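**Student:** Taking the hints into account, I'd like the entire structure generated from these sequences.
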Amino acid sequence: MRTQEVLCPTDFSSTAAHALKYAVEMANLYHVDIRLLHVTSPARGAHCYGIAVDIPATLENELQAFVDAKMQSIQQEMQQGLTEGLNIKLVVRHGDAIDEILAEAVDVGMVVIASHGSSGLADFLKPHVTQDIVKYAKCPVLVVK
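Position in the sequence shown (from 1) plus 237 gives the number in the numbering used here.
Treat the hints as calculated values from the structure; they're not laboratory data.
Treat the numbers as computed from the prediction; the structure is a model and nothing was measured.
Ideal Cβ placement from N, Cα and C applies to all residues, glycine included.
Heads up, some of the hints might be wrong.
[To be verified] Cβ-Cβ distance ranges computed for the label pairs, FRET-style:
hint, residue 1, residue 2, range
1, 330, 294, 18 to 28 Å
2, 295, 320, 33 to 43 Å
3, 375, 299, 14 to 24 Å
4, 332, 306, 14 to 24 Å
5, 278, 310, 20 to 30 Å
6, 299, 268, 23 to 33 Å
7, 295, 373, 32 to 42 Å
8, 298, 376, 12 to 22 Å
9, 320, 377, 16 to 26 Å
10, 340, 312, 29 to 39 Å
11, 330, 368, 12 to 22 Å
12, 240, 295, 36 to 46 Å
**Tutor:** Put into structure tokens, the structure is as follows:
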């Protein structure tokens with residue numbers, strides 16, 4: 238664990254924010270960096286009577302800008318609690334939440350994940366996602382309520 242990172246997936250919910258605090262504690266304890274992960278799914282245009290209200294490219298750009306800003310904000314907040322010399326790496330992946338979290342967890346020492354999230358932006362930290370991460374991850378998983 239001392240040579241690997243702590244992976245902390247987030248959907249920007251309050252439960253995920255609570256889990257981030259535990260990720261900071263684990264990183265400080267083991268003197269390792271944190272890898273903050275957010276998974277997005279492809280944007281879909283809203284349709285009204287068969288007419289697209291927004292085109293997918295526009296939605297993708299807006300989503301990316303929102304996610305980038307939110308991740309930067311979280312990184313700045315978390316950095317204050319980390320021991321000097323430890324870093325927070327930001328990762329944004331696109332696709333199925335379970336698959337992307339497990340793929341990112343291949344080379345980490347621990348996953349710190351919320352027990353459930355909200356129905357927010359990525360809608361990916363629902364209880365079944367957390368359960369699958371606990372079941373299939375090859376490293377220790379800390380589930381935070």
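**Student:** Hint by hint, note whether the structure agrees.
**Tutor:** Results of checking the hints against the structure:
For the pair residue 330 and residue 294, the supplied restraint of 18 to 28 Å holds, since their beta-carbon distance comes to about 19 Å. Between residue 295 and residue 320 the CB atoms are about 41 Å apart, so this pair conforms to the stated range of 33 to 43 Å. At roughly 35 Å, the beta carbons of residue 375 and residue 299 sit outside the given window of 14 to 24 Å. The hinted range of 14 to 24 Å is satisfied by residue 332 and residue 306, whose Cβ atoms lie roughly 21 Å apart.
A hinted range of 20 to 30 Å holds for the C-beta pair residue 278 and residue 310, which are about 21 Å apart. For residue 299 paired with residue 268, a C-beta distance near 38 Å fails the hint of 23 to 33 Å. At about 35 Å, the CB distance of residue 295 to residue 373 agrees with the hint of 32 to 42 Å. Range check, residue 298 to residue 376: Cβ separation about 34 Å, and the 12 to 22 Å hint is violated.
As the Cβ distance of residue 320 to residue 377 is approximately 20 Å, the hint placing it in 16 to 26 Å holds. For the pair residue 340 and residue 312, the supplied restraint of 29 to 39 Å is violated, since their beta-carbon distance comes to about 21 Å. Range check, residue 330 to residue 368: about 20 Å between beta-carbon atoms, so the 12 to 22 Å window is met. In this structure, residue 240 and residue 295 meet the distance hint of 36 to 46 Å, their C-beta atoms being roughly 43 Å apart.
Hint check: violations occur at hints 3, 6, 8, 10; the rest are consistent with the structure.
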